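Model the full structure from these sequences, guided by the hints.
One line per chain: the protein sequences are U and S, in this order.
Per UniProt numbering, the very first residue in the first sequence carries number 1; after that it's consecutive.
Per UniProt numbering, the very first residue in the second sequence carries number 1; after that it's consecutive.
Bear in mind the hints are in silico, worked out from the structure with no lab data behind them.
All figures in this text were calculated on a predicted structure; none of them were measured in a lab.
Just so you know, not all the hints are guaranteed correct.
Which copy is meant is left open, so a pair is good if it fits within one copy or across any two.
List time: in silico DSSO-like cross-link candidates among lysine-lysine, alpha-carbon distance up to 30 Å [to be verified]: (1) K290 to K99; (2) K46 to K3; (3) K331 to K83; (4) K396 to K99; (5) K290 to K152.
2 protein chains.
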Amino acid sequence: MEKVINALKTKLADEQISTNETVRELHSKDETYHQTSLPDIVVFPKTTEDVSHIMKVSQEFKTPITPFGVGSSLEGHVIPYQKGIVVDFSFMNKIIEIKQEDLLVTVQPGVTREQLNKELKKYGLFFSVDPGANATLGGMAATNASGTTTVKYGVMRDQVRNLEVVLADGSVIQTGSLAAKSASGYHLNGLFVGSEGTLGCFTELTLQVYGIPEHVVAARATFPSLTRAIQAVTSILQAGIPIARVEFVDEASIIQINTFSETDYPVKPTLFLEFHGNEAGLNADVAFTKEIMQDHDCDSFTSETDNAARNHLWDARHNLAYAYIHGHAGKKMMLTDVAVPISELANSVIYAREELDKLGVPGGILGHVGDGNFHCLIMIDMANAGEVKRANEFNKNVVLYALERGGTCTGEHGVGVGKMPYQRQEHGDALDIMKQIKKALDPNNLLNPNKIVEVEEGNPE
Amino acid sequence: MEKVINALKTKLADEQISTNETVRELHSKDETYHQTSLPDIVVFPKTTEDVSHIMKVSQEFKTPITPFGVGSSLEGHVIPYQKGIVVDFSFMNKIIEIKQEDLLVTVQPGVTREQLNKELKKYGLFFSVDPGANATLGGMAATNASGTTTVKYGVMRDQVRNLEVVLADGSVIQTGSLAAKSASGYHLNGLFVGSEGTLGCFTELTLQVYGIPEHVVAARATFPSLTRAIQAVTSILQAGIPIARVEFVDEASIIQINTFSETDYPVKPTLFLEFHGNEAGLNADVAFTKEIMQDHDCDSFTSETDNAARNHLWDARHNLAYAYIHGHAGKKMMLTDVAVPISELANSVIYAREELDKLGVPGGILGHVGDGNFHCLIMIDMANAGEVKRANEFNKNVVLYALERGGTCTGEHGVGVGKMPYQRQEHGDALDIMKQIKKALDPNNLLNPNKIVEVEEGNPE
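Structure follows, in structure tokens:
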């Protein structure tokens, strides 16, 4: 590694390169149960040129590169299993430009979503994608993150207008343009978003933002059973109500929320909803939604127009994963993440709940049910090999159930290492096309190797 | 070609293979000024297996393949400049499944958008993407088509949930799943949509559809100048009004519409608008829009809730290209297709109008201004070499103006051959990544060769 460090130092300052044990340890893990692995070196680029230099050094010495935002990843994407260099983007955290008239913003990859929204608020704008964590926008683009507002505003890929990407050889490309739509060339924006650092490193992102809605109504609805709650969601979607958020939280998770966020929500299967638009239209949408809920035996429907109450509700929802972690010291979090066609959602959630009951570890079901995406969040004792094995088996069962019904193994958390075992089953021969793309763009297999696709010949999948 | 035909015949029936002069001539052109070129053979597959066989024959004899829908393409995509085999998908025109509960439909590539909408109507559903032509859905996916409703519902790429694709070697892949969102694998849906037959042939498409909106209001607004009309659009977008359609049509084009569609619209710069939603919400949106229009000196604002009047308005708009063709017998159509950031739209249209005036050929400006996308439609005398040269120069000037302002050379028509000269300038070094992808997926360069990217070494661009 001495040679690699010396090569890095030809363009990077000493404080941009670390082999410190604590720093390496901080870059050896994500927020979940995945096994840790220490990198050899952590680097902190400040410019695109720095990243380009790091890439060239990586190629010269055949040293793997793993990009890192804040490490809020959930499937081990940021864990450097092949060691080498972790590239931490926390120094590249500038909001470069807000083009108010075009509803566009250009940021460096280390900017977090909360940092961006704080700034955008001054302009009456907001960025829509909201995973639970205060993740970096670079990381969110790398994993095609989404969140509670996806049902209305779309996933991360839908917001990306252009990326500046440093490729394996250190060259720099732009993947899109500033136009709202384009039919020019292959869709590189779409290819690089969700590529999890396996095709290049993002050094600048131009993202679509939205005007803060004129009027917002949040609501909570509780149901006698999980099934009825999910069926209500299906009906709302089919009625075409342009809902902005519709989140399911089960009873076990409501208990965690009440404890962690000091709320006193009834311990029942609950939908958290939100509507954005003009006042007259929203009133009609809320009334229609309430009617549909009642058709599904909803036993309470509370709407909140007050800003503080609404924020508290969504903070509670966003903090749910942390509530579980906080409530189960010493255990590690595992999250399933399937998405299924809406017609399969109710049965999929019922199946998952039954499997979760059999598993017998603390956990709950929650999710972005408007997209057919739900999570089983479970807390596992990593010292108990039997429990870990059964938890993995549970995750697998939930995934296979979804895949058999035309779903996906990951709705929003990405592949990382956690969903590698299901790539062949989900994508079939299309996985070979992905491998060909990976080989063409990263011939030495140094960019976050063995994530999404494994390119080695004869590798058993 | 004898050998190729014999190889095709091992799996295809005689009536699926044609070398008839008239049939070849029908597959030698698109709807515009682009130079024609006769294929050697036209084949009519009926199944995915047929397409797979055709691909294998193409590889065996190194014969180029060009897919063909109804030939409504505008940039020469379907013209077989390298001759070889044209694959006409008109026999693959079945609607395979409508999954009403999931708002999904699976179709063969030869199904046209009007055919699909006629069927969907029975279920209270519609497919949103509406280019002027009654194009096939396979062709629309191949070119990432869009149309008048894109400002609300998105482009073709946004509707594609899954594609069955036959690759160069005859193997068959699925590019997506039935889930509304996924973070699994590379985004092959996005890569294949817009690939214009250069990476594979689509044999099945699963598309997202929508419930027919509860309430629809259409409107026409006229303005004293083109500038004021475009500025009004910019203001509507910035106000965040969820408009479903906003189309600009200039005076010259209103004259064509009035003649061809027997309307008597005032000959003024005009916006055609549409709003979808619940009645109360729409009334508020329409009122707010009218206010904004008036701030921009709108001199008439007429809204239509009557179904027949509304349909007539949109038919008139959709038939505009045909109105021009009909009104200028013996001439050929050329359409520019840039899209620019909204902040650049007014100046871009003014620039285009000035250049069009200098050019001195019949033509007008129209477009999907809500997406920053507009077309200059001009009719040219192909026998007049000077006029053709000046028209090409005009097209180039409009493109360069857009590219210099962060726009794209094609908002929706695609690259084909018409936009090949601008690929390097628009994409820079990213074009080399596109070439690498093309080489990886089509190593013998037989799939619609020399469209989007030219892979030959030393090819001057």
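Hints, one by one, checked against the model:
Proximity of K290 to K99 under the C-alpha cut-off of 30 Å is restricted to the inter-copy arrangement: shortest distance 26 Å between copies versus 38 Å within a copy. For the homomeric pair K46 and K3, the shortest alpha-carbon distance inside one copy (22 Å) is at most 30 Å, but the shortest distance between copies (61 Å) is not. Taking identical chains as interchangeable, the C-alpha atoms of K331 and K83 lie at most 30 Å apart only when both belong to the same chain, with a minimum of 25 Å there against 65 Å between chains. With identical chains, the CA atoms of K396 and K99 are at most 30 Å apart between copies only, with a shortest distance of 27 Å across copies and 45 Å within one.
For a Cα distance limit of 30 Å, the shortest separation of K290 from K152 qualifies both inside one copy, at 19 Å, and across copies, at 26 Å.
Violated hints: none; the structure is consistent with every hint.
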